[in-house]
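Asks: Below are the chains, spelled out letter by letter.
2 protein chains.
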Amino acid sequence: MGEQLYLHGIRLNKIVTISDVPTEIVAAVDEAFTRADLVLVTGGLGPTQDDVTKETLTAYFGTKLEIRSEVLTEIENAFSSSGRKMLEVHRKQAELPKSADILLNTRGTAMGMWFEKDDKVLISMPGVPYEMKGIMREYGFDKISKFFKTNPIVHKTVLTQGIGESYIAEQITDWETSLRNEGFFLAYLPSPGMVRLRISGYAENGNAEEIDSRIDRYIAELNRRFPKYIYGTGRQTLAEVLGNLLREQNQTLALAESCTGGYIGHLITSTPGSSDYFMGGVVAYSNDSKVNILGVSANTLANHGAVSENTVKEMANGARSKFNATFAIATSGIAGPDGGTDEKPIGTVWIALAGPGKTVAKKFNFGKSRSRTITISAHSALNWLRNKILSGVLE
Amino acid sequence: MGEQLYLHGIRLNKIVTISDVPTEIVAAVDEAFTRADLVLVTGGLGPTQDDVTKETLTAYFGTKLEIRSEVLTEIENAFSSSGRKMLEVHRKQAELPKSADILLNTRGTAMGMWFEKDDKVLISMPGVPYEMKGIMREYGFDKISKFFKTNPIVHKTVLTQGIGESYIAEQITDWETSLRNEGFFLAYLPSPGMVRLRISGYAENGNAEEIDSRIDRYIAELNRRFPKYIYGTGRQTLAEVLGNLLREQNQTLALAESCTGGYIGHLITSTPGSSDYFMGGVVAYSNDSKVNILGVSANTLANHGAVSENTVKEMANGARSKFNATFAIATSGIAGPDGGTDEKPIGTVWIALAGPGKTVAKKFNFGKSRSRTITISAHSALNWLRNKILSGVLE
Numbered sequence: 001m002g003e004q005l006y007l008h009g010i011r012l013n014k015i016v017t018i019s020d021v022p023t024e025i026v027a028a029v030d031e032a033f034t035r036a037d038l039v040l041v042t043g044g045l046g047p048t049q050d051d052v053t054k055e056t057l058t059a060y061f062g063t064k065l066e067i068r069s070e071v072l073t074e075i076e077n078a079f080s081s082s083g084r085k086m087l088e089v090h091r092k093q094a095e096l097p098k099s100a101d102i103l104l105n106t107r108g109t110a111m112g113m114w115f116e117k118d119d120k121v122l123i124s125m126p127g128v129p130y131e132m133k134g135i136m137r138e139y140g141f142d143k144i145s146k147f148f149k150t151n152p153i154v155h156k157t158v159l160t161q162g163i164g165e166s167y168i169a170e171q172i173t174d175w176e177t178s179l180r181n182e183g184f185f186l187a188y189l190p191s192p193g194m195v196r197l198r199i200s201g202y203a204e205n206g207n208a209e210e211i212d213s214r215i216d217r218y219i220a221e222l223n224r225r226f227p228k229y230i231y232g233t234g235r236q237t238l239a240e241v242l243g244n245l246l247r248e249q250n251q252t253l254a255l256a257e258s259c260t261g262g263y264i265g266h267l268i269t270s271t272p273g274s275s276d277y278f279m280g281g282v283v284a285y286s287n288d289s290k291v292n293i294l295g296v297s298a299n300t301l302a303n304h305g306a307v308s309e310n311t312v313k314e315m316a317n318g319a320r321s322k323f324n325a326t327f328a329i330a331t332s333g334i335a336g337p338d339g340g341t342d343e344k345p346i347g348t349v350w351i352a353l354a355g356p357g358k359t360v361a362k363k364f365n366f367g368k369s370r371s372r373t374i375t376i377s378a379h380s381a382l383n384w385l386r387n388k389i390l391s392g393v394l395e
Numbered sequence: 396m397g398e399q400l401y402l403h404g405i406r407l408n409k410i411v412t413i414s415d416v417p418t419e420i421v422a423a424v425d426e427a428f429t430r431a432d433l434v435l436v437t438g439g440l441g442p443t444q445d446d447v448t449k450e451t452l453t454a455y456f457g458t459k460l461e462i463r464s465e466v467l468t469e470i471e472n473a474f475s476s477s478g479r480k481m482l483e484v485h486r487k488q489a490e491l492p493k494s495a496d497i498l499l500n501t502r503g504t505a506m507g508m509w510f511e512k513d514d515k516v517l518i519s520m521p522g523v524p525y526e527m528k529g530i531m532r533e534y535g536f537d538k539i540s541k542f543f544k545t546n547p548i549v550h551k552t553v554l555t556q557g558i559g560e561s562y563i564a565e566q567i568t569d570w571e572t573s574l575r576n577e578g579f580f581l582a583y584l585p586s587p588g589m590v591r592l593r594i595s596g597y598a599e600n601g602n603a604e605e606i607d608s609r610i611d612r613y614i615a616e617l618n619r620r621f622p623k624y625i626y627g628t629g630r631q632t633l634a635e636v637l638g639n640l641l642r643e644q645n646q647t648l649a650l651a652e653s654c655t656g657g658y659i660g661h662l663i664t665s666t667p668g669s670s671d672y673f674m675g676g677v678v679a680y681s682n683d684s685k686v687n688i689l690g691v692s693a694n695t696l697a698n699h700g701a702v703s704e705n706t707v708k709e710m711a712n713g714a715r716s717k718f719n720a721t722f723a724i725a726t727s728g729i730a731g732p733d734g735g736t737d738e739k740p741i742g743t744v745w746i747a748l749a750g751p752g753k754t755v756a757k758k759f760n761f762g763k764s765r766s767r768t769i770t771i772s773a774h775s776a777l778n779w780l781r782n783k784i785l786s787g788v789l790e
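Top to bottom, those sequences are chains A and B.
Per our numbering, the very first residue in the first sequence carries number 1; after that it's consecutive.
Per our numbering, the very first residue in the second sequence carries number 396; after that it's consecutive.
So that you can see chain A by itself, here it is in the shape it has in the complex (with noise of 0.2 Å):
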């Protein structure tokens, strides 16, 4: 939310949380009003007991509780349509401060509620991400926009992996003191494996087009410097670059997972439109599925283990050509917190890409917390598969 409101040029000053109580509401509500001129609060607008949000801050404006028709309609027809039993407790929504402007909620029955009070706003939602921000994209953004007359802020974030952000800083401090001084801003936005960069500048007088091409040259010289790291740019996911890549070569992909689990298969598939290059994959957990899914050699297996260079191919190849995929990408390894060795630490990843021409492998070391290793298997996966498609190698 703090990313969106700073597009429609509002600055972000502090974001509070408390716990579900009347007093610390208010309190929070009006300390809020000394600093800022629109308050956003969600959570709290629930059918339960601990929900005490709508309450308190109807009493808090001065207002009190009404049925609203068209709201107490648009709840009863999202019960019939979807089958579902109405409760008294969901027709209790539809009971809504009289002063406020409401915000429909198409998603649930907790709907945005819209507060002015000397100028300034509040606007009361629902905590549930997926229906806040709904009812923001849909029309709290809008009226926020004709409320308030702000200079927008242009920002683009470049996205990297592969990188961590000391090294990246290490390789840019010209070009960030060069944006600084120039009055833009850099925020390094760290998770793991991955780093995104915010480069961001006010567009004041209407030069927000000016500002939006200078923030592109300053993104050439990143892409200038570190081409391989660089995936893409604001909320695209590196399995839909790469999704985009494949689509428009006409080309397709499988996988054969073991340490990742499924991880590639999802962050593949939480892309719409992916059935358009993704063809499917295996997660070969067991090695007697490695031998008889994937065709991987019992002999490789009993010689060289299942997390070695020679089964992580062999596994990539077999995807490869039991789903008939242009490309395969194949992970095995010891994401642990068991299973290391002397040889082989917990950490041990190795990732195997096929195509049409070759098959290369390459070992990686993720360290010794599990998640941290599946994630960032799967990233270093798409990422390497990706260069490699743009660099021809496989073909």
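These aren't lab readings, by the way, just hints derived from the structure by calculation.
Be careful, since some hints might not be right.
In silico SDA-like links for lysine to any residue, alpha-carbon gap of 25 Å or less [as the list claims (entries may be wrong)]:
| # | chain 1 | residue 1 | chain 2 | residue 2 |
| --- | --- | --- | --- | --- |
| 1 | A | K344 | B | N472 |
| 2 | B | K757 | B | H699 |
| 3 | A | K92 | B | Y562 |
Below, a sample of chain A positions facing chain B; criterion: calculated Cβ distance under 7 Å [as the list claims (entries may be wrong)]:
| # | residue |
| --- | --- |
| 4 | T17 |
| 5 | D50 |
| 6 | V89 |
| 7 | S166 |
| 8 | E170 |
| 9 | G261 |
| 10 | Y263 |
| 11 | G265 |
| 12 | P272 |
| 13 | V283 |
What you are looking at is a predicted structure, and each value in this text was computed from that prediction instead of being measured.
Even glycine gets a Cβ: it sits at the ideal position worked out from N, Cα and C.
We have chain A already, so just place chain B on it with the hints.
Replies: Below, chain B without anything else, positioned relative to chain A:
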């Protein structure tokens, strides 16, 4: 962190998120000390130019930075053992405030720092959750428990799947009222398809055991009312509970995932030790892979479509036999945003379970959000299999 502090008898008063600006940090710490005895600060300790927390807190507590040689040695050892290149910015991470106690971070270069002021404490930690949790688990909570002498709070969380919070609340009104009247607290913590119910009570005068057994009696009554929906307690995951059940009975599991695209496999393999009972799965995204790898009949696909009772049952049977497993789960559905029809709208999901004696299937509709449909499908499948195994229906 709030939940863990609560367990250590410290009530969470407020969470504040602010920007990386020294004046904002100082104002927030000042305000926090007026209302709390313990202040935890996360983030802003990285080596990049936007990280200003260490310098700001050093000035705030009137001390100065100095190289801690024991910390420098730890950092040097970490770099040399992982083979990564140590930069000057990493060396600077060993410059720490003189008056602070250091809470060693063994997962990264940003150390935890413990500051004291007038019997109050501030702990500064890196923002990376994995590092922050490590510091608190290894050093933070112990030091907090020794410094503050508090009444512990006893709490237990009951985990449910497949029933909405309104429906739970409606069926436990009397139970909830009696619990609150006796001085206990109840929180409903919903996430897609799941609701956690947290029951807690203060243990004063060393009566923690009595409070604990009173909470157990409340939970016993919940189990009586919702046997199918309650799958566990505490921090268990549904995949872990199902896995333990399979392990105890020496049974194994295979998957055939279409619309869930590998997510069920990911949930199962996120549990350490899952190779004891998980044989593997097929992500059968293309129709060809349903036929060629899982053995679904081409006629079934032609006559009934991929999203149908017949197809999903054949997928489950195919996975069970291919992986030689006791049980198999199969999913096929329309996650959206495209592909819906009047007969099979977006959100339609067929789930099948196959066992030694029987294969069953059920149709669900999980609504219009792709990610919610994937998540809820996966959890519904796991909980349905758990119930069917417990009742012996698939034998």
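Asks: Failing hints, ascending?
Replies: none
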